[in-house]
Amino acid sequence: MSADDATPAVGERRWVNVALGGLAWITALIFFFPVLWMVLNSFKSEEDANASPKLTFDPTLDRYREVTETAGGLLSFGEAFMNSVVIVLVSTLIVLALAIPAAYALAIKPVGKWRDVLFFFISTKFLPVVASILPIWILARELDLLNTRLVLIILYTAINLPLAVWMLRSFFVEIPRELIEAAEVDGARLRGQLTTVILPLAAPGIAATALLCVIFAWNEFFYAVQLNPVEGSTVPVWVTTNVSTRGEFLAKLSAASVLACIPVVLAGWIAQKRMIRGLAMGAIK
Amino acid sequence: MSTTLRPRVNRVNPPKMGRRPLSDSWRRRLPLLPALLFAILLTQVPFVLSVYYSLTDWTVVPPGPREFVGLDNYRELFRDDFFGDAIVTSIQFTVFPVLAALVLGTAFALLLDRKFFGRGVVRTMLITPFLLVPVVIGLIWKNQMFHGLYGVINWVIEKLGGTPVEFVSEHPTLSIIITLVWQWTPFMMLIMLAGLQSQPSDVLEAAKVDGAGPFAIFRQLTLGHLRPYMELGVLLGAIYLIQVYDQIAVITGGGPGSTNVPYYVFQRSIGGGWQFGLASAYSIVVVIASIIIATFALRVLSRLLKGEAAA
Amino acid sequence: MTAVRYVEATRTYPGTETPAVDSLSLDIADGELLVLVGPSGSGKSTALRMLAGLEPLDAGAVHIGDRDVTGVRPRDRDIAMVFQNYALYPQLSVAENMGFALKQHGVPKEERTARVRETARILDLEPFLDRKPRQLSGGQRQRVAMGRAIVRQPAVYLMDEPLSNLDAKLRVQTRTEVVELQARLGVTTVYVTHDQVEAMTMGHRVAVLRDGVLQQCDAPSTLYHEPVNLFVAGFIGSPAMNLLEVDDARRPKIGESELALDGAAGAALGDSAGRITVGFRPEALRVGDGPLPARIRTVEDLGSEMFVHVAVEHQGESVPLIAKVSPPFEGSPGDRVGLQITGTTHLFGEDGSRIASPAASLRSPGAVSRS
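Chains as they are written, first to last, in my numbering: chain A, 2 to 286; chain B, 43 to 353; chain C, 1167 to 1537.
Hints are computed from structural coordinates only; laboratory data are not their basis. Computed from a predicted model, the values in this text were never measured in an experiment. Where is the CB? At the ideal position from N, CA and C, for every residue including glycine. What you were told as hints is all true, and nothing was included just to trick you.
Sample of chain B residues lacking proximity to chain A, with all beta carbon distances greater than 10 Å (derived):
hint	residue
1	LEU119
2	ASP122
3	VAL137
4	ILE219
5	PHE257
6	ALA258
7	PRO298
Each computed SDA-like pair below joins lysine to any residue, with the alpha-carbon atoms no more than 20 Å apart:
hint	chain 1	residue 1	chain 2	residue 2
8	B	LYS157	A	GLY23
9	C	LYS1298	A	ILE176
10	A	LYS110	C	ASP1224
11	C	LYS1269	A	PRO201
12	A	LYS114	B	LEU78
13	B	LYS157	A	ARG14
14	C	LYS1269	A	LEU191
15	A	LYS274	B	PHE158
16	B	LYS157	A	LEU21
17	B	LYS157	A	LEU24
18	A	LYS114	B	TRP68
19	A	LYS274	B	GLY162
20	A	LYS110	B	TRP68
21	A	LYS114	B	ILE82
22	C	LYS1490	C	GLY1403
23	C	LYS1298	A	GLU179
24	A	LYS110	C	VAL1238
25	A	LYS114	B	ASP66
26	B	LYS250	A	ARG14
27	C	LYS1269	C	ASP1242
28	A	LYS110	B	ARG70
29	B	LYS201	A	PHE34
30	A	LYS114	B	LEU75
31	A	LYS114	B	ARG69
32	A	LYS274	B	ARG156
33	A	LYS114	C	THR1182
34	A	LYS274	B	GLY160
35	B	LYS201	A	ILE31
36	B	LYS201	A	ASN51
Kindly produce the complete structure, drawing on both the sequences and the hints.
What follows is the structure, given as structure tokens:
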């Protein structure tokens, strides 16, 4: 089941195919337009960007230079980028390290009350992030974790853990039981079963899960802006500093936005087939 | 016959005797414990603390002693008109985007579920909005698309002979809903696409041989097959959409028509109100509301589809 | 000397009432190839898995050699298993698949490679050692699955329907190879199948299971000629034994013809005047001008033998019977023929157990019956 499989259209007439293909193109272009325009704007001068939309302009990289200059005192792009990268990678790794064994315990050698456990995990997402900020802020202050990367790592792990457990469980359930039993009979313990059978077979699902975790962690704004106002802040927070109250800023903002979004967008583009496969397997409970 | 193949004692582990029913169930639980403990610690502790705060009259500005006031905060909540408005807005920000994204996402998935020229590129374009940073989505739509003077949408409206619309100031709710739909349609599309591709092709072929046209096949076979996928999309979408904060913060900064409950809670607590006790009570209510909305949405959708499939 | 013993082994799946395996007691001799056979749901796979340690026992015990292995983990039982769908590790090569268990048990690399190569030679797998399972045909994969078990030189081999995914011709061929291999290696083997032909041709002894209960465990010919009850009689043998219910045990009749039984049977029936079931194998039914009128339904011509399906009027219903005849046979669907029984019939009581197996023949109504 790859993303290249389409439902075969038996007996479909040529013109219908072309018409629907054309419709798909038009729809996609309209839908994608804001992104396209944003990228174009990022190469314009502020004048051009704020004038009545026109397509001809002199492209320049000045906006990119502007936004990546170290802003002395204020959050710089380099700093925010490094913070984001470290925080997202570490938290995603921790999520996987916690969720993979948990999914094993829910799918392969199921604990008695696995349904309840699964529901518990999902229910933890019902408490809005905004509501828990208060106790978390206080705890973070007590533990001297404000303005650190660690606090965001911990929180992003907590945010993504339920999703990861749920998705990984669905993938593990798909693994043929016989294969695991064969490994058991052959003498493999948990680690051997994981490395020989489970991880290789569930690899696409694990990749899809990891990608979703990366997306949500990288794009997170609220915790970052509340807990790390001085140091340890992330790219989404940095983007908002490129909005001025005076003067025109759209081109600059566009450049900043492009920089902020590129990593995740590229990752998503490259892995989209895996994501579809992953979501497909994850959806069938 | 080869002599090397006579059975040999080949065990490294000495054989263990006896039964071990007790340790078996604990051995099963062990891999689950790290994740479970982590989740409990990081979610239940704040939750319990929130419940505790919600029963006090804790304010930070002006600083006041934290005294136990029982359910006073909750009573205040029912008298608070703004909270009622926030609930309405929350519902608008959840129900409409979920449904709209589901419908659009399904439509896109249907368009994508066929071979045509440049299919990969089209799909790549369509999933991009979901990958963008939400504050970027908010800022770009506000300043680039919705802008009263320079916005792209108004440019198109003017070209078509209409008068420009101040989206953000005059239609805050709609503006934010548009950005949410734009953001979440790809998510629904991906799930629906997975659902469409997992349909067994022999069932579809049998239907074609039986003489069913594409619309009939869709209504009677495909929709039923897609139901679990739709449920998943609605559930996950609702969970995330109830908590929307980023777009509100950067597009309208709150204000009538665009303040949902999380944002209202924020305003009441560290966003300026500094009434921690009251805000905590509100957030507890949000948790309950989230569960209700998610359950309700699922039931409605299931019933809809059952009706369709039977038609 | 390794033997396998089930001692009143019982397993009930949680949430169900009837046990999947009910008080199974079985002694398997060292070096024996014992087949567990039965229809689906009979508990044969469960029994095998209990021996493997993949299924816990709710009561009773399982012994391998002189060890009670109940509750011992699979990897410590010194067993090897061949699974129905082969369960080959998809990303490992054939050689790695076969060496996996040895690696898990700490066998040093040189010895591992030597043993894998030796096993591959026996199974004609040498050209495939570096390939991945997906590059192999079904038959080749099956051999790798067997090789993975053989290379371990365990105390017992467990095989769970290892041939059922092969096409018919390959299955017959591989059957023989498995039997030869087992004889050569001399390792105790417990083999599960739902195919009674496979069971009969492969096992030293065959254990027939039904609904979790052991019906009979004997050599194939004993099962065939001396089935202990109705179920075994009807299950073993292809085509199945003809079975007819008869109202009066004293004067058994098929249709209007009397069934004349020889002396001992009369004594065995004794005073039981109730209903019995009469069974006779297709080869005991002769089609020609016998006393029992019948109508031919279809004729199956397999070349070396033929099966004639007939219908007789018995106790108010049209009952189908099968007769085995050797070619040439002149007869077509619709023809009226007469049937005669030659050879053994089996008599089963109301509880299904076999009472006697006398020689018998049919007589036209009114003829004098031998006492």
